[in-house]
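> If you want the building blocks of each chain, they are given just below.
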Amino acid sequence: MHGAKGGEVMTSDPSELEWAIQTLVKNYDKYSSRGGCCCCCKKQRGISKGGFRKMLTHELNHMLTDTKNKQAANKLICDLDENHDGQISFDEYWILIGGIASPISCLIRQQEENVKFTK
Amino acid sequence: MGCKCCKKHQNSEELTDVERAIEIVINNFHCYAVKGRKQCLTPNELKDLVGQRLPHLAKGVGTLDEKIECIGDADEAKLQFGEYWDIMGDAAKGCRVPGKKK
Numbered sequence: 001m002h003g004a005k006g007g008e009v010m011t012s013d014p015s016e017l018e019w020a021i022q023t024l025v026k027n028y029d030k031y032s033s034r035g036g037c038c039c040c041c042k043k044q045r046g047i048s049k050g051g052f053r054k055m056l057t058h059e060l061n062h063m064l065t066d067t068k069n070k071q072a073a074n075k076l077i078c079d080l081d082e083n084h085d086g087q088i089s090f091d092e093y094w095i096l097i098g099g100i101a102s103p104i105s106c107l108i109r110q111q112e113e114n115v116k117f118t119k
Numbered sequence: 001m002g003c004k005c006c007k008k009h010q011n012s013e014e015l016t017d018v019e020r021a022i023e024i025v026i027n028n029f030h031c032y033a034v035k036g037r038k039q040c041l042t043p044n045e046l047k048d049l050v051g052q053r054l055p056h057l058a059k060g061v062g063t064l065d066e067k068i069e070c071i072g073d074a075d076e077a078k079l080q081f082g083e084y085w086d087i088m089g090d091a092a093k094g095c096r097v098p099g100k101k102k
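So the sequences go chain by chain: P and E. Count the first sequence with full-length UniProt numbering and you get residues 1 to 119, in order. Count the second sequence with full-length UniProt numbering and you get residues 1 to 102, in order.
None of these hints come from the bench; they were simulated from the model. We treat Cβ as the ideally placed atom computed from N, Cα and C, and that holds for glycine. Watch out, some of these pointers could steer you wrong.
Taking CB as the label site, the calculated pair distances span [what the hints assert, rightly or not]:
{"hint": "1", "chain 1": "E", "residue 1": "Ile71", "chain 2": "P", "residue 2": "Phe117", "range": "28 to 34 Å"}
{"hint": "2", "chain 1": "P", "residue 1": "Gly99", "chain 2": "E", "residue 2": "Lys78", "range": "26 to 32 Å"}
{"hint": "3", "chain 1": "E", "residue 1": "Lys35", "chain 2": "P", "residue 2": "Asn69", "range": "38 to 44 Å"}
{"hint": "4", "chain 1": "P", "residue 1": "Asn114", "chain 2": "E", "residue 2": "Glu69", "range": "32 to 38 Å"}
Below, simulated BS3-like cross-link-like pairs (lysine-lysine); rule was C-alpha separation at most 30 Å, straight line [what the hints assert, rightly or not]:
{"hint": "5", "chain 1": "P", "residue 1": "Lys70", "chain 2": "P", "residue 2": "Lys30"}
{"hint": "6", "chain 1": "P", "residue 1": "Lys75", "chain 2": "E", "residue 2": "Lys93"}
{"hint": "7", "chain 1": "E", "residue 1": "Lys93", "chain 2": "P", "residue 2": "Lys116"}
{"hint": "8", "chain 1": "E", "residue 1": "Lys38", "chain 2": "E", "residue 2": "Lys59"}
{"hint": "9", "chain 1": "E", "residue 1": "Lys59", "chain 2": "P", "residue 2": "Lys26"}
{"hint": "10", "chain 1": "P", "residue 1": "Lys49", "chain 2": "E", "residue 2": "Lys67"}
{"hint": "11", "chain 1": "E", "residue 1": "Lys47", "chain 2": "P", "residue 2": "Lys116"}
Some, not all, of what chain E presents toward chain P, calculated at C-beta under 8 Å [said to hold, decoys possible]:
{"hint": "12", "residue": "Ile24"}
{"hint": "13", "residue": "Gly82"}
{"hint": "14", "residue": "Cys95"}
Isolated chain P, as found in the complex (with noise of 0.2 Å):
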């Protein structure tokens, strides 16, 4: 086994750090170019309603519960979409998944100190 990649500075490799990141970015492009808008347009639209669902459903699967649930998603569509076009922007994208990560981040904090305390 290697140790943890991205301790040290690389010039080629990205760290997984940088994986990680780009993963999150790559996934908003599929989802976001797909649809009704013609090829000449250059400003990406979004992620549709349909799209998101989508994503929901392939992508977060382990992490979210009842992703099929077509009104809930709709709800959270609403919730996310700041400025009311029906599109999910990359900004609104990136608070949903640190909505979703944030409380990952509190419950594994909540499982070291435990660890530490069963020690």
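Chain P is already provided as a structure; the job is to place chain E on it using the hints.
Below, chain E without anything else, positioned relative to chain P:
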């Protein structure tokens, strides 16, 4: 660095790439949040994290120094996970648009 934080979860094989990515971002936060209140990063810890873990993407976080100064004392101030996440968002935007537009 003797950090094993990224290998904590045994079940990571069944996770999607997106989920693994989320885990990695979280784990890096905990890996560096070691001083004082452990659910927060100090500005110095954040600087280390960005410098060591984001050697290529750090450009996207160009305003990091300014941001850190706004937070307050380098060893005392606390950064919540949400603020860390925002900064990672800046890095992400930096790698989306080469030559980041304002």
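> None of the hints should be skipped; say for each whether it holds.
A quick look at each hint next to the structure:
Checked against the hint of 28 to 34 Å, the pair Ile71 of chain E and Phe117 of chain P passes, with Cβ atoms roughly 31 Å apart. Between Gly99 of chain P and Lys78 of chain E the C-beta distance comes to about 20 Å, which lies outside the given range of 26 to 32 Å. Judged by the Cβ atoms, the range 38 to 44 Å given for Lys35 of chain E and Asn69 of chain P holds: they are separated by roughly 41 Å. Distance hint check for Asn114 of chain P and Glu69 of chain E: the Cβ-Cβ separation is about 36 Å, which falls inside the suggested range of 32 to 38 Å.
Note on Lys70 of chain P and Lys30 of chain P: the hinted pairing holds, with a Cα-Cα distance of about 21 Å set against a maximum of 30 Å. Taking the CA atoms of Lys75 of chain P and Lys93 of chain E, the gap is about 26 Å. The hint holds against a cut of 30 Å. A C-alpha spacing of about 37 Å is found between Lys93 of chain E and Lys116 of chain P, which places the hinted pair above 30 Å, so the restraint is violated. Annotation: proposed proximity of Lys38 of chain E to Lys59 of chain E holds, straight-line Cα distance about 27 Å (limit 30 Å).
At roughly 19 Å between alpha-carbon atoms, Lys59 of chain E and Lys26 of chain P fall within 30 Å of each other, so this suggested pair holds. For a cut-off of 30 Å, the pair hint linking Lys49 of chain P to Lys67 of chain E is broken: about 34 Å separates their Cα positions. A hinted pair counts as satisfied when its Cα atoms are at most 30 Å apart, and Lys47 of chain E with Lys116 of chain P qualifies at roughly 27 Å. At about 4 Å, the closest approach between the beta carbon of Ile24 of chain E and any beta carbon in chain P falls short of 8 Å, and the interface hint on this residue holds.
The beta carbon of Gly82 of chain E is positioned within 8 Å of a beta carbon in chain P (closest approach about 6 Å), and the interface hint is therefore held. Taken as an interface hint, Cys95 of chain E checks out: its beta carbon lies about 6 Å from the nearest beta carbon of chain P, inside 8 Å.
Hint check: violations occur at hints 2, 7 and 10; the rest are consistent with the structure.
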